[in-house]
Each structure stands twice: as C-alpha cells, then as structure tokens.
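Trainee: If you read the protein sequences in the order shown, they are chains A and B.
Using my numbering, the letters of the first sequence map in sequence onto residues 895 to 1277.
Using my numbering, the letters of the second sequence map in sequence onto residues 895 to 1277.
Since the hints were derived computationally from the structure, they do not count as laboratory data.
Keep in mind that the hints are not guaranteed to be accurate.
Chain B regions said to be covered by chain A (calculated; three or more residues, Cβ under 8 angstroms) [to be verified]:
1. 951 to 957
2. 1016 to 1026
3. 1131 to 1141
4. 1144 to 1155
5. 1260 to 1273
For each residue, glycine too, the CB sits at the ideal point set by N, CA and C.
Protein chains: 2
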Amino acid sequence: MPKPCAYVLGAGKTRFGPTSKTIPQLAQEAIIEALSDARLDPCDIGAVIVGNFLGGPNESQLHLNSVVAGLLPGLNLPSWRTEAACASGGVAVHQAVLALSRYDNILVVGVERMSNVVGMELTRNIGMAGDVVLDQIAGLNFPANYALVAQSHFAEYGTTPRDLELISLKNHANANLNPKAHFHLKEVCQADIDAGPPVASPLRLFDCCPVSDGAAAVIISSRRADSRSVPILGSAVASDVISLAQRSTCTSFPAARAAAEAAYAEAHIDSRDIDFAEVHDCFTIAELVAMEDLALADRGQATMLVRDGQTSIGGRIPVNASGGLKAGGHAIGATGVGQIYESVLQLRGEAGSRQVEGASVGVAHNVGGVGGTCSVHVLGGAT
Amino acid sequence: MPKPCAYVLGAGKTRFGPTSKTIPQLAQEAIIEALSDARLDPCDIGAVIVGNFLGGPNESQLHLNSVVAGLLPGLNLPSWRTEAACASGGVAVHQAVLALSRYDNILVVGVERMSNVVGMELTRNIGMAGDVVLDQIAGLNFPANYALVAQSHFAEYGTTPRDLELISLKNHANANLNPKAHFHLKEVCQADIDAGPPVASPLRLFDCCPVSDGAAAVIISSRRADSRSVPILGSAVASDVISLAQRSTCTSFPAARAAAEAAYAEAHIDSRDIDFAEVHDCFTIAELVAMEDLALADRGQATMLVRDGQTSIGGRIPVNASGGLKAGGHAIGATGVGQIYESVLQLRGEAGSRQVEGASVGVAHNVGGVGGTCSVHVLGGAT
C-alpha cells in the first residue's frame, strides 16, 4: 500500500431526516461528535471547510463558513464554503486533503436544511444543481433526468424495474440497521414498492431518495493519531458539462469514471480490492450507474450482482450498508461527508448490526447534478 | 525574499459594470484573456476553481463549477465553486495556492451577475452575506453595518465625513484611468459628492460601491513560466463570527488582521515593504479600516495618509489605483480575483496611466460581509 494522503481522526453525524433544528445547531451537533471522537479540542483545529448546497435559496443565508467557523469562536481560522451541488460534501473532503499542504486537523462540516421549504419551491431550488437555462425550466428536473438515465440503461442493457426494486428493498433493509438513517420503515416490502406512484417513468416513489436535513463532520490530518485513525488512500474530483444533452452517453458519468480512475491510481488499488462502497444513489438507477462507473461491475453488468444479492451486507461487495441516500437520507451538502463517516465506522468495525465483515478497503462516491461533478475517496488499508 | 508559494502566469478581466452578458459569457471572456496572457491552451489547465456569491439567489443556477469548467469541454477537470460572501474570489485564489500540492496551472475564475436583480430583492440577496437571523431582517443591512463602523471610527479617532469624501474622489479619479472600471465619471467633484443623498448616516451615495456584473480569471502555477510570471509571496485566509454584535470592536476586522499577519510572515515582509495596495472598499470607511488592518497605518491614523494625498497614485502608498470597489466596481465573486489581475498589471508595469512607479511589492485584501472572512495576498518581489 502507498503512503496515505491523509487520515480521518474523527467523525460525527446527526441523524438525517426532517427536523426543526437550524443549520448552526445541526453543524454543532456533528462537530461536537467529531471532536469527541478524535479526542481533540476546538483549538486543535487548523481550518474549517463547509460543504453546503442550498444555504442561499433555502435559508437566505450565505457566508455559512463564517456562521459555522464562528461556532469555534476566538480562533479566526481559515474557512470557506464549498459548493458543487450534491457533491459539495465529498468535494469539501477533497479540498481538505489538498489543504494539508498548509493546515492540519482540518474540520470538514457538511450541512443542509431542506425540510423548511416544500413543493414547487423546493423542486426549483434543487433544480439549481442542473442546467437551469435549457433543462430545468423546460421540465427536465432531477427525477426526469434520472428517468432518462434509467430508460437508457433499460434499452442498452436489459435492466428492468424489478432490478431497481431490489436496490430499494436492500437499501431500506440496511437503513433499518442504521440508527442515524432517515427511514426506519420496518414493514417495507415488494407490495409497498409496487403501490408507489410513478414520479418520472420508469422511476416510482420508492426509487427516489427523500429530502433530508442533517450534518456530518470529519477531521482530516496529515498524520495518524492512534489506531482509530482511518487512512485516506486516494482522493479525487472530476467534473463534466452540466447537461445530459451535452454528452454522448446517459448510462455512465465520465466525471465519476475519471475520479475513480484517479483515486484508484493514487491508492494503488483496483476495484477488486474494494470490500464495500458507499455510492450516490439519489435514485435507484444511480446505484447501478455508480457501480459500473466505479468498475465494481462491467458496464451493464451491475444488475447481475444485485440479482444475486452480492451487494447486500454479507454479499461479495456490499453497497450502501448505511442505507445510502435512498433510505439513509440525502441532506445534500452533508451527504458526501456522511459517506466518509460511514466508511470510518465500517473500517473501524464500529458499524454494529450493519457491519461489513472483514472490511479493510472502502470507497465513497458522491455525485453533483447528473454527473456534473463527482468525488471518489478510497479509505482503509494500513491500520 | 523567500521562495514564492505560487506564480500568476496569466490574468484576464472583463470590464466591471452592468451588462446583458450571462455568467458563462462573462466567465469565458475572462478565461480567454487569461489563457492568452499566459500563452496556455485549455488542455494545459489542471483544475478550475470558481468564485461566486449570488449564483443561487440571483441566477437560480448553482453548480457553477460545472457550468464554467464545462467551457473547457472534454477535460473532466477537478473543479468546485468557492463561496465566502464578498471574499469568494480572494479565497478561491488561496485555495488554488493550496491545491498546487496536487494540481498545476489552476484556473481561478471569479464571476458575478447582479444587475439582473434590482431593488429590495437585491438588497435581500446581498444581505445573505451577513447575519440573516438577527441583523439583516431587523434592518441592519450592509450600508447600515458599515455606517456603524464609520460612526465608531468617527467617535474613536476623530475621522470626519470629509476624509471619506477624499477617498471617494481619489477612487473615482483612479477609475477614470482604468478602462475596465465600472465608473468613468469625468466630472465627479466635491459638489457632486455633497449632493449625494444619505444612504445610512454618515454614509452618502458616493461612499458606497456600485452593483456590478463582471468576471476575472487568473492562472496559478507552482513554477515561473517566464519573466511575465508574477510571484505570490504570501497567501492567507482568516474568518470571524458573522455579526458585529458578536465582536468587541467595530473599527477593525480581526480576520483581516490575522490574514495580513499570516501573509506578511509567509512573504517575509512587513507593511513598510509594500508599494501599493488593492483593498476592499465596499464603502469608503472600509478603505480606512483596511489600511489599518493591513498595518499600512496605525489604528486611527489612516486618515492622515489620506489627507496628505499619500494614498493617491504618486503618493507614498497608493491604495486602489484601479479605482477600488468604490469606482472600479464590485462584481462580488469576481472582486478578489480582479484585485490579483490589477496587482499583476502593476507589478509588470502594464497599468498604463494608473501605473504606480517602482511597484515591486503589492498587497490584495478581500473581505466577506463585515469581516466574517478575509483573504490577503502579497505579490511581487523576485522578478
């Protein structure tokens, strides 16, 4: 294994889901847990990076780095907010890895509040992650974009609605094992999924992730503190044109492929070395695309792993043991940081009833828009 | 002189001011000029960082890193958007310096469109840079915040409205020499300033910067390309609590002092080595506070330099030879990048009729909100 590019010293996360808590309250809860987990004080922190997407449209509060860094008062720390749509959190973690060139013990906080805005206004705000000028205003909102991805995958590879249902069932089952997941739907079954109304054909209600509030925090360092420190072996970000209409394929995100390739190269691994994956399943079809972009399966072949149960906990390559975005929740700016939190728990063997046995290398995959930005992190290895 | 932490290989900037151009059009214009200035092709670029503040509220378009990096198609570059209120641009440049640990020839693009939103809606949107919960909604908007700063400075140090007028006159005179400035008011004089309506006492119309559209771009590298490459000797960012009500003083921004101290230490200079400064004069009073925070004058003493004409072009320490935000314009996310553009021109001797003679060390100072975030860059030295 190569020298890790960074270590995660501590991690914290609120439960994802609707809440009356404010952005500073959510951030503080995650920060306190991360500091406690790392056994650090606020004065040990060297910089603060805030991942957030909708602070402006949903909260009328920008400049959130000042709000969040101000929770550690008197320190005048370097801080900024990172926004890359739904990949804001993962990109913020990548920035922390880069910023180790100057700072240490960098606190990355992903935070989002979404439940305070509803209906068409929220649809419009989320749509700001996509091409507003040509796509979103014309009605090609996010469910519609991912419906195009699904239709293309069905046409090219013979994927079926039943494959998507299996992903939904798996992720809801996993979320039931995660106390910080958005959904704990003990009774969810095939009949419930079949009864879900269509959202954008072929996607039905249970193919779509929920709207969540929440925060997650991790502390990134250039050096191992103790045996609980989790190495980051590879960290990469790539981007693409914002609209599917500008690309040559709808069944793969080139930015995800580029980020995975770069992260694996840095980590000196290939996809066969990966024991578990936390991937960006904003819609069930996105989990299939993610598995293929991460080279966990050949193009069009991820469905085989799903049908065989190989992506369940206990399978060959568990995907979204946390419940994923689909059932664990999607608090946009917090999601990518929450994937790192989950990976830390898995790699330490602290994931309780959803623990992936023998987990020693994990990958976290966070997507903005319909693949306009993607981050990939490889964690684990040398403990 | 120490080894520079980075070099600016090329710089470009649109004129600041109202325009019908869109964000991608503005960004493209600045990018093409920066690439041409650096004699680089798009495929030489290693990463793209976008500084922008109001993409969400003003444009309904977030994920601007994908939009802007997508102007260099087929490259799948690492990219993200940085937001730190009005310091978004300066912080984006700092991030590029940090990211040289992994990438090279980093394209930093600051871009903002403001003239498409007017009146109370724009006031509300700009207010998102301040504390929305307690300050802005209660009426303590940005002119009111800086009026408190001015009243405090008047009370503590005997500063007068006439001092602020001198700053306004100087910056309008400088802007007349800058073809890319927002204002070219050939006739602006004392009588015009006196006739300006009060905005928030003691600030009148000519104490306030305008609402500008615009973009600026710079290319940051770890190595000198040729004799036109401009060294960055120091780069720092610091933050503070967001509201003046949370701080012990209104006449200084601790984040600016912390950033200046860190940047000067990295550059191995003190303030007496500085030949010119581009500072964040969103209001005239902010120029005085900036000079004191940058240690160009002792606290309360910056007025003496202004009264003596020492901050004019040809004076001992020219401040805002570009016209500053006040008259050069304030296209928020572009402003901090535009300060680097101006510094590059000055240090190369390419600033035309506003050239500061003998300019060899310059400082750029960019503030978010009322000092919630500040970046300071020291440029020049070893050419």
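Trainee: May I ask which of the numbered hints given earlier this structure violates, with the numbers listed in increasing order?
Mentor: none
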